[in-house]
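> Take a look at the letters that make up each chain.
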Amino acid sequence: MELIVLNKRKDFIELYLSNVPLYIINSIRRIVISEVPSMAISTVIFTLNRSMFYDEYIAHRLGLVPLTSEPALSKYKPPEECSESEEASLFPPDCFVKLDLDASNNGEGLLTIYSKDLKSSDPEVKPVYDDIPILILGGGHKVKLEAYARLGRGREHYKWSPASAAVIKYIPEVFIDRSRCLPECRKCIEVCPRNVFKATDSGVEVSEAAIINCNLCHLCEKVCPSEAVMLKTRENEYILRIESTGSLSPKRILLESIKILEGKVSELSRKLEVQGVLK
Amino acid sequence: MIKLIFPIRCFTCGKPIGHLWEEFKSRVEKGENPGIVLDELGVKRYCCRRMFLSHVDIAYDVIKVSRKS
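Chains as they are written, first to last, in the numbering used here: chain H, 1 to 279; chain R, 280 to 348.
Treat the hints loosely; a few may be bogus.
Unchecked claim - SDA-like mimics (lysine to any residue), calculated; alpha carbons at most 25 Å apart, straight line:
hint, chain 1, residue 1, chain 2, residue 2
1, R, Lys-323, H, Glu-146
2, H, Lys-116, R, Glu-301
3, R, Lys-282, H, Asn-215
4, R, Lys-323, H, His-218
5, H, Lys-169, R, Leu-283
6, R, Lys-323, H, Glu-208
7, R, Lys-282, H, Glu-146
8, H, Lys-142, R, Asp-318
9, H, Lys-142, R, Leu-283
10, R, Lys-282, H, Lys-8
11, H, Lys-169, R, Arg-329
12, R, Lys-282, H, Tyr-158
13, R, Lys-323, H, Val-128
14, H, Lys-10, R, Lys-343
15, H, Lys-142, R, Glu-301
16, R, Lys-343, H, Gly-109
17, H, Lys-8, R, Val-322
If you are wondering where the hints come from, they were derived from the structure by calculation, not from laboratory data.
Just need the whole structure built from these sequences, with the hints factored in.
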């Protein structure tokens with residue numbers, strides 16, 4: 001197994017993996033999307049809403065605001081233990097973070113309320129981005145609400161998913177049959193949207209630096225009049241890309257997903273043992 | 280789907296984009312090319328890009344006819 005970090009930014013990670021079966025990488029990818037917990041607002045209680053927006057509209061917007069959840073993962077109870085108390089309208093402090101919004105526009109002009117105006121009861125759980133516009137208040141408009149955030153999983157609602165994109169990409173390989181390639185033909189160069197080909201004196205060549213940008217559209221194959229171009233993908237070599245919403249770092253998302261996968265597999269083997277299947 | 284204010288996340292992929300709208304709007308109003316502004320803001324996918332390019336701020340018109348207090 002080989003692993004190379006191709007690209008790493010604050011909210012993005014790109015890994016090159018070889019000699020790992022696709023189903024292993026795919027289980028990690030699916031767990032990143034639907035199982036890794038993160039914080040999001042799940043209940044909003046309005047005490048006053050004299051704005052032009054419906055309660056539901058505001059509550060939906062608040063739910064989509066990403067909240068920092070890195071320390072919260074160990075601090076708060078897992079989602080399964082919290083949903084029962086939420087249904088009973090109880091918000092115990094070991095499950096829920098309270099975020100208050102109290103805003104009024106006493107002037108005549110317009111006032112935009114941003115995510116930074118949410119006052120959190122826990123300084124470690126707050127909106128990731130400060131300038132998300134949540135509401136616009138006209139003259140005399142007023143809003144007062146309390147919102148409760150808890151840990152949740154992406155399979156319940158996408159707002160709890162810590163990754164906005166988790167993608168596996170195949171690694172392309174382009175073969176050019178020299179005996180068939182027509183020297184004056186430049187069709188594959190013209191048609192390629194990612195500029196993978198470059199012109200040489202003898203015909204067409206694949207640019208090594210640009211091949212990774214290939215999006216496997218197969219246009220070069222289709223347009224070639226002599227069927228000299230062949231596009232294939234490498235076996236057991238993949239690129240895994242994870243783009244975070246900001247609630248967790250990409251590194252933490254990967255580590256958590258592996259931990260959850262391990263937990264699921266070991267629980268399965270333990271159950272098999274209890275049933276006596278492994279004897 | 281009525282978008283009164285600019286959405287917080289992209290409808291299709293879920294990338295948070297709400298915090299980028301005001302910068303995008305002010306820069307485009309100053310005459311910059313919207314495509315280049317989106318590239319610089321790091322909005323790469325076309326699902327997120329259409330959120331910016333197709334958005335009309337209706338809220339500012341609706342608020343004029345809304346009830347006072």
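> Quick check: which numbered hints come out false for this structure?
1, 3, 5, 8, 10 and 14
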